[in-house]
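**Student:** Chain by chain, the residues:
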Amino acid sequence: DTAVSQTPKYLVTQMGNDKSIKCEQNLGHDTMYWYKQDSKKFLKIMFSYNNKELIINETVPNRFSPKSPDKAHLNLHINSLELGDSAVYFCASSPLRTGEGGELFFGEGSRLTVL
Amino acid sequence: AQSVTQPDIHITVSEGASLELRCNYSYGATPYLFWYVQSPGQGLQLLLKYFSGDTLVQGIKGFEAEFKRSQSSFNLRKPSVHWSDAAEYFCAVGAREKAAGNKLTFGGGTRVLVKP
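Chains as they are written, first to last, in my numbering: chain A, 1 to 115; chain B, 116 to 231.
For reference, chain B alone in the conformation it holds in the complex (with noise of 0.2 angstroms):
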């Protein structure tokens, strides 16, 4: 069975900083990989994935990660911060197999706090 791991609960950081929050996974074979935001009160938004090919995936909002099969991580990295990033990341992983049912494995969540 898959697993993920977010080892950090809380991360604050000042506007216009960078941002890197880490995913950690554990599973058999290359798994798909996703990030998700979720903001207070609303849904999981996708930001990315990564199912094959380049290992450095471009999202939405100006996000990114890279996918490091040696070390089992997905990290996900914005250059520069905005206040509107302050929000709840999630980190998750999706098993390749037909009897997975297509379920995805969530990881803990990372705070992500903005300073002005």
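For reference, chain A alone in the conformation it holds in the complex (with noise of 0.2 angstroms):
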């Protein structure tokens, strides 16, 4: 069982276009995170959910917005796509509520490609 998985694994696509990536945990984490790999490898945090209540929005453009249904599930839709949103999109969960430290748990990525 794959503790945090994302889908699609690959998304090709037109720029202007609206995709989502969807990310699941079966670890019952109550917090969930996405973070953005460039292609030079830097990872920086984007959105935090603790248990559906989002509780971190780094400076991301409005066309990102994250959507949680629930604690186990956090997914990522944006809108009217740019070709600067080509990246690795990684989802994350943790079992530690907000300031209690504590490790990450990391999906396998999304590899966004816009053309």
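There's no promise every hint is true.
[To be verified] Away from chain B, derived, C-beta distances all over 12 angstroms, residues of chain A:
{"no.": "1", "residue": "Thr31"}
{"no.": "2", "residue": "Asp70"}
{"no.": "3", "residue": "Glu82"}
{"no.": "4", "residue": "Ser86"}
[What the hints assert, rightly or not] Result set (EDC-like, lysine to aspartate or glutamate): computed pairs, CA atoms no more than 16 angstroms apart in a straight line:
{"no.": "5", "chain 1": "A", "residue 1": "Lys67", "chain 2": "A", "residue 2": "Glu53"}
{"no.": "6", "chain 1": "A", "residue 1": "Lys22", "chain 2": "A", "residue 2": "Glu108"}
{"no.": "7", "chain 1": "A", "residue 1": "Lys52", "chain 2": "A", "residue 2": "Asp30"}
{"no.": "8", "chain 1": "B", "residue 1": "Lys164", "chain 2": "A", "residue 2": "Glu103"}
{"no.": "9", "chain 1": "A", "residue 1": "Lys40", "chain 2": "B", "residue 2": "Asp123"}
{"no.": "10", "chain 1": "B", "residue 1": "Lys183", "chain 2": "B", "residue 2": "Glu135"}
{"no.": "11", "chain 1": "A", "residue 1": "Lys40", "chain 2": "B", "residue 2": "Glu203"}
{"no.": "12", "chain 1": "A", "residue 1": "Lys71", "chain 2": "A", "residue 2": "Asp30"}
{"no.": "13", "chain 1": "A", "residue 1": "Lys41", "chain 2": "B", "residue 2": "Glu135"}
{"no.": "14", "chain 1": "A", "residue 1": "Lys41", "chain 2": "B", "residue 2": "Glu203"}
{"no.": "15", "chain 1": "A", "residue 1": "Lys67", "chain 2": "A", "residue 2": "Asp18"}
{"no.": "16", "chain 1": "A", "residue 1": "Lys40", "chain 2": "A", "residue 2": "Asp85"}
{"no.": "17", "chain 1": "B", "residue 1": "Lys176", "chain 2": "B", "residue 2": "Asp200"}
{"no.": "18", "chain 1": "A", "residue 1": "Lys36", "chain 2": "A", "residue 2": "Glu108"}
{"no.": "19", "chain 1": "A", "residue 1": "Lys44", "chain 2": "A", "residue 2": "Asp85"}
[What the hints assert, rightly or not] Covered stretches of chain A (in silico footprint by chain B; criterion: 3 or more residues with CB under 8 angstroms from a CB of chain B, positions within the stretch not fixed):
{"no.": "20", "segment": "41-52"}
{"no.": "21", "segment": "106-113"}
Treat the hints as calculated values from the structure; they're not laboratory data. We treat Cβ as the ideally placed atom computed from N, Cα and C, and that holds for glycine.
Relying on the hints, combine the two individually framed chains into one complex.
**Tutor:** Laid out in structure tokens, this is it:
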């Protein structure tokens, strides 16, 4: 069983399109995240949800909208895709609540290519 | 806000040789510290973590890291590298304040190449 699973693993699309990436964790964790890894491998947090509540929203264009229907799922929807959105997007989860620290468990990533 | 610097972008090491990856952080107090490894096309796997206590921590795959408060460092070491250790390694810092939301801030990564 994959602990943190993301779909799709690869996504190729045209500029201007809207796309979604789904994430599910079966670890029973309360906190989930989206990270973006650019072409230089730099990892930057985008969003964090704790039990369906948004707790971190970094400076991300509002074309990116996370949605958490329940604490096991955190989806990422991107509107009006731009070339600069091409990256690998990682979902992660953590067993601990805000401020308690703790390791993150990562999915395998979703590689988005915008043409 | 916390930050992490990994000074070495690439390191090439011979199989069987020792490996040390450097990590320096900036944070006002003692942070949570992590090392993750990313193999090509894969997600990130935790190697080890430091929360408190013994400053020398042991991890998986024969890795260890030492927290040095005076140097704001958390360097990763392995005595004898195997070809399967070729990967990208990331150091990360987590803040202890609740307002930080338990986010991890990552360094830029160090790519390790292993020569036969």
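**Student:** Let me make sure I understand: some of the numbered hints might not hold for this structure. Which ones are they, in numerical order?
**Tutor:** 1 and 13
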